[in-house]
Structures are given as structure tokens and as C-alpha cells.
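Visitor: Sequence:
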Amino acid sequence: MTTMPIMLSDLLNDANTPKCIVDLVSQLLSDSTQLVQVKELTPHALKALKTLIEMISSLPEGPFLDFLNNYVKYSVTPEASICADGQLIFNSVQDLNSNLKNSMAVDSSVYCLSGISDTLNYYIGSASNTLNRISQHQDCLFGNRVKESVHIRLLQSFSEKELTWSLFYTMNNIYKIALSLLPTSYELSFGETQILRAITEFVPRVLEQSLIAELKPTLNSIYNPVLFTYNNWDPAFLNVYDYATDGSHAVQIISAETGEILRSKISSISQACDILNISRNMANRYLNNDYGFFSTVFGCRIIISVIGITLVTNKIVHRASVNYPTLTLPGGALSDLAPYLVWAFKANKTDFIGPFVNYTQALRVLEPTKLANNPNSSPSNLSKPIKRFANYEVLRNYELGEFYIATNPLFPPYASNPDSPKSPLYGKPLATKPFSK
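Quick note: the sequence shown uses my numbering, first residue 44, plus one each step.
Heads up, none of these hints are tricks.
Subject to a maximum C-alpha distance of 30 angstroms in a straight line, what follows is the list of computed DSS-like cross-link-like pairs (lysine-lysine):
#, residue 1, residue 2
1, Lys93, Lys82
2, Lys430, Lys413
3, Lys62, Lys116
4, Lys190, Lys427
5, Lys471, Lys389
6, Lys413, Lys427
7, Lys427, Lys471
8, Lys116, Lys90
9, Lys219, Lys93
10, Lys389, Lys190
11, Lys259, Lys430
12, Lys204, Lys259
13, Lys116, Lys219
14, Lys90, Lys259
15, Lys413, Lys389
16, Lys90, Lys219
17, Lys204, Lys190
18, Lys116, Lys93
These aren't lab readings, by the way, just hints derived from the structure by calculation.
Could you build the full structure based on these sequences and the hints that come with them?
Guide: In C-alpha cells form, the structure reads like this:
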């Protein structure tokens with residue numbers, strides 16, 4: 044069964060679409076002050092918009108719907124400019140190594156990570172809660188959390204001392220506004236919380252996509268569209284209340300710097316999330332760990348502590364770090380390898396097999412029996428051991444022999460089918476040698 048594409052005009056012209064959403068999107072598409080004009084919405088953004096309309100349309104009359112009708116407005120402030128040669132000029136550049144307690148106050152944003160003297164190599168991201176997101180980047184870059192691909196690229200491009208963050212746009216956080224303006228006796232349901240978070244992230248992510256598509260930042264994966272955290276809706280969530288149903292223990296919020304109890308006897312983790320304006324996922328990640336995280340609400344690093352349970356004293360480690368040295372090849376640096384491909388080098392590091400367009404294809408060639416003997420296992424899961432040792436100085440034994448696995452760390456293999464128009468390899472001849480020189 045073929046799914047009909049979502050048309051923006053159909054959504055905006057539908058009589059059932061809430062007026063606040065029509066106005067929000069119309070102003071988004073007509074704002075002439077944008078650094079890069081948003082001319083259309085991606086399929087992912089259209090799906091998110093359709094879901095957002097379903098969310099608000101399912102609300103009953105009451106204080107929450109009144110709040111949305113009165114306060115959901117388009118309000119975006121540019122914080123940078125783009126020169127004709129592509130250079131970026133920011134109103135303010137912040138040291139990524141500095142304590143966020145002294146940083147500018149900002150709610151939601153589209154932000155930039157780069158180096159202090161380089162405005163041509165950078166990463167673009169968006170955040171509903173900017174300082175919380177920058178704090179997460181700090182934890183990844185400086186050793187407390189496992190690094191994502193963007194952090195690896197940043198550290199390959201700049202030294203830690205050079206790293207900076209800046210803003211393209213700032214905008215209001217509707218979730219934060221709701222917590223301050225709704226009646227104090229009003230208890231948000233789980234569904235209402237989802238709606239507030241969905242509204243808050245919509246405009247930043249659309250603006251992020253427009254900048255990535257136009258500027259093609261070197262540290263982003265420009266072939267992967269900006270995704271949204273929601274794409275479906277169940278109105279039954281409007282009758283679910285976080286605090287009564289999450290089954291959590293009472294918690295307290297403690298300053299990680301002084302040990303002072305900032306808020307005591309909070310009835311649940313979910314209620315603490317609302318106080319701190321963070322997601323439940325983030326709370327779970329740092330729960331009861333004495334390292335804590337930076338809170339924009341309290342202006343310091345805080346701990347969410349379960350009352351009656353001893354704090355964990357070691358830093359958060361999501362998985363054990365690998366201590367293998369980085370692979371070196373006589374033909375050149377790993378970053379000089381042909382992009383988006385996987386190569387298998389023999390023990391002499393000169394002879395090779397490949398290229399492979401992804402790790403699954405490498406598995407089919409290097410270990411064909413393994414794939415045949417596990418028909419019920421996903422090929423992508425079976426290929427994980429190959430991926431795990433990529434770019435490490437590990438000569439590993441496969442059915443076809445001993446090989447080092449290598450790929451360009453700045454442009455790793457694309458997960459999907461290379462014959463897909465979305466693939467960076469689509470319509471291009473594959474490199475026949477690992478290095479062009």
C-alpha cells in the first residue's frame with residue numbers, strides 16, 4: 044500500500060488545523076530576517092507538523108489549550124550573519140571549555156561548534172534547552188561520556204583549547220514558558236508535556252535543516268536529514284499523569300559543587316524533570332551519579348539523588364573505552380582514505396581487499412560462512428565486530444585471512460543502500476584505490 048506524500052498546503056488550508064500552528068508556520072516561511080530563507084519543509088518536518096496538528100487538535104477546552112492559543116508564536120532572533128564568501132560572523136563566541144554558569148542566558152537555539160579562529164569548518168545543531176545541550180557536548184568532548192561522530196570530527200579538526208560555541212538563532216522555549224504561566228494548581232499530563240516539547244523543537248530543527256542544506260558544514264553529515272523526536276500521537280497520553288504513574292522513588296536536587304540540597308522531597312523523577320526542564324531520558328542518564336550535569340534552572344552542576352539510596356561515586360561510563368592505538372597506513376592518513384567506503388588491509392598494510400560500501404558488504408566477503416550459518420540474525424548485527432575494530436591497530440583473523448579494517452573517520456560508510464538517491468555514493472563510480480595519490 045502506497046502512502047500519499049504530505050502536502051504543506053493541505054495542512055495549512057485544513058479548517059481543523061489550529062490557528063496558532065497556521066500562524067507559526069506561515070511566519071516561519073515568510074521571515075525575511077532568516078540567515079537562510081526556509082522555502083519548504085522536508086518530508087520529516089512535514090510528518091512532524093502533521094503530528095503536531097493532531098496533538099493540539101485532540102486537546103479539550105481548558106487552560107492548557109488557552110495557553111497554546113495565546114503563547115505559541117513565531118519569535119526568532121538571528122545571532123549571526125553570513126558573508127558572501129561563506130564566512131560566518133557571530134554576535135558572540137563562547138569558549139567551549141568555560142563554565143556554563145558564566146555563559147549567556149538563552150533558551151532554544153540553533154548553534155554552532157567550531158574553533159576560535161576558523162569559521163569555515165564547523166558543526167550546526169539545534170537545542171530546545173541550549174545550555175543543557177552544550178553541557179552534553181562538553182561531557183562528550185572532554186571525557187565524561189562516549190564521543191559521537193561530531194565530537195571525533197571536532198577533535199580531529201581543533202585542539203580542545205580552540206573549541207568554541209556560538210549561536211545562529213535564538214528563540215523561546217514554550218515548555219519553559221508554560222511552566223511559568225500555567226496556574227500553579229495545574230498538573231501537566233504526560234501527553235501535554237509531549238506537546239510542549241514537540242512545539243519547542245519544531246522551529247529550531249526546521250531552521251537547522253535550512254542552514255545545513257545551504258551551508259553544507261564540513262562537520263555535519265549533510266546527507267542525513269534533521270529528524271524530530273516525535274512522529275506519532277496517542278490522545279490517551281492526555282489522561283496519563285507522570286507523577287502518579289512513573290513508579291519512581293522520591294528524589295532531591297543537590298548542588299554537585301557544594302552539596303547543598305537545592306530542592307528536597309520531590310515526589311518523582313518526572314516531577315524533577317519538569318522542575319529542571321529536561322527530558323526523562325537525560326534524568327535517567329545522570330540519576331544518582333555524583334558527577335551530575337549543568338542545570339540552566341539553578342545555574343550550576345546538579346545531582347538528581349534518589350532519597351535513601353547512596354550516590355554512585357564513579358563517573359558515568361556508557362561502555363568501556365577501547366585502548367587500542369589508532370591504525371597507521373603507509374599510503375597516507377586515515378582522513379585521506381576515499382570517503383564513505385570500507386577497506387580491508389592485509390598484514391603488510393599495502394595489499395588490500397575492497398572497497399566495500401558498508402560493513403555488511405565487508406562481512407559478506409570476509410566471513411561468508413558466518414552469514415550463512417546465522418540466517419535469523421541481522422547482517423548489520425553480525426557485522427558489528429568488523430565495525431568495532433575499524434581504524435584500530437588490530438590485525439584480526441577472518442575467514443578470508445588476517446586484516447586491518449580502515450575507513451575515513453570524517454566520512455564513514457553510509458548505512459543505507461548506495462543505490463539510494465540519498466546515499467553520497469549514488470550515481471558515482473567507486474574508488475578503486477584507498478588513496479587517490
